[in-house]
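Asker: Chains as they are written, first to last, in the working numbering: chain A, 163 to 799; chain B, 285 to 578.
It should be emphasised that the hints constitute simulated quantities derived from the structure, not laboratory data.
Quick reminder that beta carbons are idealized off the backbone N, C-alpha and C, glycines included.
Do not take every clue at face value.
Unchecked claim - A few chain B residues facing chain A, derived, Cβ under 10 Å:
no.	residue
1	311
2	373
3	377
Stated by the list, open to error - Output of the computed footprint for chain A on chain B, the stretches with three or more beta carbons under 8 Å from beta carbons of chain A:
no.	segment
4	296-304
5	402-416
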Amino acid sequence: MTPRIERLRKYTVDKEQSAGWKEIDWTTVSQLKTRPDDSPLQRALRCFLAVLDQERKNVRIVPDEEIVFMRSVKNLPERYSVEEMDALRSEAYYHELGVVFNVTPDYETILSVGLDERRKQAQECKAQALADGDLDGVEFLDAAIAGIDGVCELTDAYRAEAIRLGKMDIAERLAQVPRRTPRSFLEALQALRILHFALWCEGTYHNGVGRIDQYLFPYLQADLESGRLNEGQALEYLEEFFISFNRDSDLYVGVQQGDNGQSLMLGGCDSEGNDASNLLTEMALTASREVRLIDPKINLRVCKKTPIELLEKAVQLTKIGLGFPQYANDDVVIPGLVHWGYDLADARNYVVAACWEFIIPGVGMDIPNIDAVSFPAVVDSAMRTPEGRAAKTFEDFLVVVRKTLFEEADKIEKKLAVVKMLPCPFTSALFSGSIESARDVSLGNKYNNFGIHGTGCAPAVDSLAAIKRIVFDEKKLSISELTDVVDSNFEGHEKILAEVRNEAPKMGCDDPEADELAILLLDWFADSWEGRRNCRGGIFRPGTGSAMYYISHPKDLPASPDGRLRGEFFPANYAPSLGVQTKGPLAVVRSFTKPNLERVVNGGPLTMELHDSVFRTPEAVEKVARMAQFFILSKGS
Amino acid sequence: MNISSITSDISGCVFDIREFSLFDGPGVRTSVFLKGCPLRCVWCHNPEGLNALPEILFSISKCIHCGSCKDVCPLRGNDKCLVCGKCASACPSQARRVCGRFITPMELLNEVLKSQPVFEISNGGVTFTGGEPLMQIDFVVETAKLLHDKGVSVAVETSGYSSAETYQKLLDVVDFIFQDVKHTDDAMHKRYTGVSNKPILANLELLKTSGKTFVVRASLIPTVNDSQENLLSLAEKLLDADNLQGVELLPYHSSSGGKYSLLNLTPPMTFQEKTFGDEVLEPFRKHGLPVRLL
Numbered sequence: 163m164t165p166r167i168e169r170l171r172k173y174t175v176d177k178e179q180s181a182g183w184k185e186i187d188w189t190t191v192s193q194l195k196t197r198p199d200d201s202p203l204q205r206a207l208r209c210f211l212a213v214l215d216q217e218r219k220n221v222r223i224v225p226d227e228e229i230v231f232m233r234s235v236k237n238l239p240e241r242y243s244v245e246e247m248d249a250l251r252s253e254a255y256y257h258e259l260g261v262v263f264n265v266t267p268d269y270e271t272i273l274s275v276g277l278d279e280r281r282k283q284a285q286e287c288k289a290q291a292l293a294d295g296d297l298d299g300v301e302f303l304d305a306a307i308a309g310i311d312g313v314c315e316l317t318d319a320y321r322a323e324a325i326r327l328g329k330m331d332i333a334e335r336l337a338q339v340p341r342r343t344p345r346s347f348l349e350a351l352q353a354l355r356i357l358h359f360a361l362w363c364e365g366t367y368h369n370g371v372g373r374i375d376q377y378l379f380p381y382l383q384a385d386l387e388s389g390r391l392n393e394g395q396a397l398e399y400l401e402e403f404f405i406s407f408n409r410d411s412d413l414y415v416g417v418q419q420g421d422n423g424q425s426l427m428l429g430g431c432d433s434e435g436n437d438a439s440n441l442l443t444e445m446a447l448t449a450s451r452e453v454r455l456i457d458p459k460i461n462l463r464v465c466k467k468t469p470i471e472l473l474e475k476a477v478q479l480t481k482i483g484l485g486f487p488q489y490a491n492d493d494v495v496i497p498g499l500v501h502w503g504y505d506l507a508d509a510r511n512y513v514v515a516a517c518w519e520f521i522i523p524g525v526g527m528d529i530p531n532i533d534a535v536s537f538p539a540v541v542d543s544a545m546r547t548p549e550g551r552a553a554k555t556f557e558d559f560l561v562v563v564r565k566t567l568f569e570e571a572d573k574i575e576k577k578l579a580v581v582k583m584l585p586c587p588f589t590s591a592l593f594s595g596s597i598e599s600a601r602d603v604s605l606g607n608k609y610n611n612f613g614i615h616g617t618g619c620a621p622a623v624d625s626l627a628a629i630k631r632i633v634f635d636e637k638k639l640s641i642s643e644l645t646d647v648v649d650s651n652f653e654g655h656e657k658i659l660a661e662v663r664n665e666a667p668k669m670g671c672d673d674p675e676a677d678e679l680a681i682l683l684l685d686w687f688a689d690s691w692e693g694r695r696n697c698r699g700g701i702f703r704p705g706t707g708s709a710m711y712y713i714s715h716p717k718d719l720p721a722s723p724d725g726r727l728r729g730e731f732f733p734a735n736y737a738p739s740l741g742v743q744t745k746g747p748l749a750v751v752r753s754f755t756k757p758n759l760e761r762v763v764n765g766g767p768l769t770m771e772l773h774d775s776v777f778r779t780p781e782a783v784e785k786v787a788r789m790a791q792f793f794i795l796s797k798g799s
Numbered sequence: 285m286n287i288s289s290i291t292s293d294i295s296g297c298v299f300d301i302r303e304f305s306l307f308d309g310p311g312v313r314t315s316v317f318l319k320g321c322p323l324r325c326v327w328c329h330n331p332e333g334l335n336a337l338p339e340i341l342f343s344i345s346k347c348i349h350c351g352s353c354k355d356v357c358p359l360r361g362n363d364k365c366l367v368c369g370k371c372a373s374a375c376p377s378q379a380r381r382v383c384g385r386f387i388t389p390m391e392l393l394n395e396v397l398k399s400q401p402v403f404e405i406s407n408g409g410v411t412f413t414g415g416e417p418l419m420q421i422d423f424v425v426e427t428a429k430l431l432h433d434k435g436v437s438v439a440v441e442t443s444g445y446s447s448a449e450t451y452q453k454l455l456d457v458v459d460f461i462f463q464d465v466k467h468t469d470d471a472m473h474k475r476y477t478g479v480s481n482k483p484i485l486a487n488l489e490l491l492k493t494s495g496k497t498f499v500v501r502a503s504l505i506p507t508v509n510d511s512q513e514n515l516l517s518l519a520e521k522l523l524d525a526d527n528l529q530g531v532e533l534l535p536y537h538s539s540s541g542g543k544y545s546l547l548n549l550t551p552p553m554t555f556q557e558k559t560f561g562d563e564v565l566e567p568f569r570k571h572g573l574p575v576r577l578l
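From just these sequences and the hints, can you work out the full model?
Answerer: This is the structure we're talking about:
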């Protein structure tokens, strides 16, 4: 890092930016007074413009900055009162906060045309909508145009401040972007910063920035080839850009610190399937490693052809302990998405939503975390059914488990019969097709699929293995008796607890008996969702992620047959049960790559933690990269 | 080679098979920890490898005092343990476990071959360590032959404490050697390890002329063997070895003492941890020997 970047980093880490944050009493802001004829779009737009107004009053450019825009508004206005929102929720399912989230806009296109061009396009579409008598379309396009204007006005305010401070380079860049096409790498970064910033102001959250090494590379390449920039300067700007993600993140929505979904995706293939990693891929890995900040979250697309040198670069980033890069395997994800109906070119362009669910930038309006199935709860339910209790063989019992999985899918599908989102006209303007179709992206886009997490895979598999051993192989207890044992939290049944913990097969130990059950369970999970259509015209995509459900799902459960006591959590995402003595990371990889992950590719990473002593020599870094390669070749996703 | 012709009654006593070992030879390796060691180094960090036979490890912090172990013990916990393992199976809190099991070369082969795809992409293999692999030389030799037959490279980490004949058997079957040297002075060696270093230094000479690639490893124990005199003496013994890949110095860590309590033992001695710098590398560097601190 250069001294300038060190200073910018320190400013951010020391949270000096928070001195400028302002808590707004939105009840006093006249433009937000509710009117009886308010439409959801008008509410969304007025809230967005009110935030931009406030931001215009508090423009800040700090010393050393080249890439500007910093939040000052601490709290966003609520579009609806609690009572109003309750009324909306009584008529439809609104996921999480009810607004659009977990999205990645089509930054490639918007950068290449600029907001002026997008505004012009919206005006043309509005004329057509008027001609067609499409009043909803007119309302949306008016809102999108007003949103674009609001962002440009805020840009003008920053430009005026830059001029006041004598920072003419910044002023010149803000005269160009985001209105028009960036003329340089730095202008592209500045434009991206503004657009990303604006999404948060609109209330859209868990905003990814997608494949920056693809859509920013032409700007970098042009600068390098013309000699306007050298690689060192480019890295410096990229590092400043990365630091900017951490400026406002304390103000963002999230379950826990850092859970704000500011993810980006590196590497992977182009639309023809060729390796698309480039200089900017490596530069982004280096920038993240040097800056050592939690945002943006780095994801790396890999495949069996990924060069070991790139994996080693990635491991160098792992080494500093931020918990990324997260790997996504093209060899599994792309066929999985194509199977679900994604066009091949779109599938090849996948990124992650906030966490690890796979979405397509600019066209994906999937809700990839809309609900979750608890596998241990499915096993528990199966034990309590008359058919489960009467099962004569383990195979009979598994039939009941499979049936219960389908019943869970039925319940969720019914719950999601009507799903709505609140509109976001500016965010929509950054998506493909919204302006052309004169429809807010909250109403849908090319892909409108629902992702269903599958939580506690390993404890469910371990429980099935324990049931097989205790009930059907050794015949020590009946299903009913084992149900009583788990209901007693194993109290007074320590011998059974010892046996299921110590003797029964476990997922993550490369044990064929346990792993065969995992293959079955995930296949049946996929079967239970195959062919169902959701209420927005999409499908359901099962996955192996847990998100926060690894804490909430076990709260509703008694102990499990695998020896998990009441109150103990599931493992996060796709990982061995807590406390299981595995045989090391390779055995874990072998176990967790046996199921056909192409069928459960909504997302859900195999989560492994390595002690930092593992990375202490350069050879060891290469060896960890080889483990990643083994995971890829084993068709982990 | 006909594999069935070399499966025999030989079995080894193994206390751990650890995949994904990164510091025990080229590539990603599986380390096989063999029980039994003739040395009694006072800083030993694998005390569960000292005894040649299986034994019970007990973690008092995990014990919930349920009495399940005594209920199943054939001796009711009142006589010398038979290491039947029933208490470990019955323990609901996993406070007890059996350390050590007998395994045949073929069984070991089948276990370690699960990692063969990783061996292949990383040029890795299997490393015998311990304990002291030389104490189970026949088992090591037979298993190494099976591994070679499958194209898996074999390394060993050894104290070198054996007869020349035994050591030569080892040299004949391994591809890479980590040779420990605890001290170059015989009296100090005896004081801190319980045995003379003469067989070790003699075997070191054998190793130097064997053509087998080797690394010398030395634990740096403050006040015992970290003197310039000892390090210089070690460096001088390595001067004429073309097959020496380098010297690795491993600073002492007191945390390893934690394992002793599992065996109801106390560490024989503890030392003050020390941060080492270039001063311990210099005796080797001045002779042009590749050296690093791990």
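Asker: Now, for every hint given, state plainly whether the structure supports it.
Answerer: Verification of the supplied hints:
This hint holds: residue 311 (chain B) has a C-beta 7 Å from the nearest C-beta of chain A, less than the 10 Å allowed. Interface restraint check: residue 373 (chain B) against chain A, minimum CB-CB distance 6 Å, threshold 10 Å, status holds. Interface restraint check for residue 377 (chain B): the shortest CB-CB distance to chain A comes to about 8 Å, inside 10 Å, so the restraint holds. For a cut-off of 8 Å, the count of residues in the segment 296-304 of chain B with a CB near a CB of chain A stands at 4, and the three-residue condition holds.
Chain A is given as covering the segment 402-416 of chain B, and this holds because 4 residues of the stretch bring a CB closer than 8 Å to a CB of that chain, at least three being needed.
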